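K.L.:
Chains as they are written, first to last, in our numbering: chain A, 2 to 224; chain B, 103 to 426.
Hints were generated in silico from the structure; no laboratory data involved.
With the Cβ distance kept under 8 Å, some of the chain B side facing chain A (calculated, not the full set): (1) Phe-202; (2) Met-241; (3) Met-306; (4) Val-339.
Since the structure is predicted, the reported quantities are computational estimates derived from the model, not experimental observations. Note that CB positions come from ideal geometry on N, CA and C, so glycine has one too.
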Amino acid sequence: MKVYARYFVILVVAFVVSACDGVTPNKCQVVKSSDRSNPYDLDFAMMFPANCPVPLGSVGEYKRAGATVYDRGQQGDFFDARGEVYTSDGMFAPNALDPRLPARHVTRFQSVGGQWQAELLVHYQAATGGNPWHDSGRFRAFNTTDRSDDAHAEIRITYSDADLRVATVGPINPHRNTLTTWSAAISGGVAPFEYRWHRDGTLVSTASSYTGHVGTTDFLLSA
Amino acid sequence: MESLAHPHRILRQHFSRVFYVTMLLLFILFVSCDRAVTHPVEQSYTQEFSMYVTGEAAQSLDEAGRFPVMTASGSLGSAIISERRAGELAVAYVRGFGEFFRERWAREHGRYFDLESLRVDHRIQFLPTAYEEFPAGYMPAYRKFFGPYYLVTLVSGSSPVLLVAVSAYSTDVGIDKFGKAAIPGGGNGGEFSSYGITHSPGGMGPLLSEWAVVIAGKRLGARTSRVPELVRPLDPVSPLDPLWRLELDRDVLLKTKMGGKQVAAREVFVSRGGRFFVPSESQPPYQHIQAIRLDSDFDESPSPLVIRVVSPAPVMFDEVVEGV
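My request is simple: use the sequences and hints to build the entire structure.
P.N.:
In structure tokens:
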């Protein structure tokens, strides 16, 4: 048991979902944490992410995760802390410098000013909402046994709504024979966006706005 | 008379209220500003420092009356970054990861400081490793952990607020277009660690060899005769917690904190918190550690291995106190 307790793993797990529309950012929910009386108690000073829901990223965007973990128990019991980021875009989040590799980070518990702490840093490619079947992400810390009575902590991560909503902005009853502009107002979704404007079913523009001659007859405009 | 005096009393009371509120606001403003705080010994060492140096140490002082900084020297085995790059990476680290550590830094330092305004102190110290080059076949993080570091002090206004240890092997760490550190994955680590600089006596103060000299001079009554060197004790002591090695101009009598054994020392080692150490009687030629192999799964147990200690300086210490 002592041998097992000398080692633990931290997983930073981020899955992409689309379930938290309209939720005001708040502290991510702590699902479980180690008992303060546990002799191998770990204390997360700052977990990633601190607040939920977490916004999805754009294609090509990189994000960072960070955590300080304190060993408040018997000093020197833990050697390593490990961070790993999963996203729904793939099994692992490709790291910044080599997209073939998962974003992982190993750090060691060290004594600083009499405290035992480990500083985790992960730099990873942001998830963009590729696989929506995961309903939450996790940030976990546990030792090798991951038994319920061992040091562990977990928070639940929720993600901002990825559903796209588009509204056309412009006059409903424009003046006859005038040039009029309509634009698309977007909420949700993940940039970059493609635009398609149809007038009576015919594609008339692929820009974020459409300017057309009104003419004298009614028409249906959709974006 | 009563009716005439009344308006004056009201005016006086009103003035008094305004005065107190103004004073209160000024006080709040005063305590909440991130004003420059000078370390207590920083204030005094410049005045007293010259009293406590002699010989080669006195001759080595620069124009500002300070010791030269520690620079990379000896056989390092691998390519290392320059001190200038270490400073750039320290700033990029704060930009990239400061949001996660800001609260901790404030707690360690004693107050919040503006991350955007931090600048690099030009005295970047090189901290040599105590170990041989880390063996191949393990996750690259370990090579950095057990390798040399640069210690970069970041300053807010005129006050040192944060010490960042930057691995000298961080040749693979980039800076993105936003000025943020881009850390490679794949099992990396050990590039950075940090700790807020406290200005409380006995805390993790600024990394100042001159301060260590003054502390030793005042408390031990001896002068420093050689330029102080930075020494990193064996793992798991962080590179943020190194010791200043001071050679004194005479033997001083000390006693070990554990056991009270009497020691006569010509050389003492001083921590950032102002504690004294002497080398342990036995200095290990190697150290048993555990590390994750490259060919193992990421969540497997680390494998045991032995690494050689090659430091010419002591690496294990006993804390001592003055007086016998």
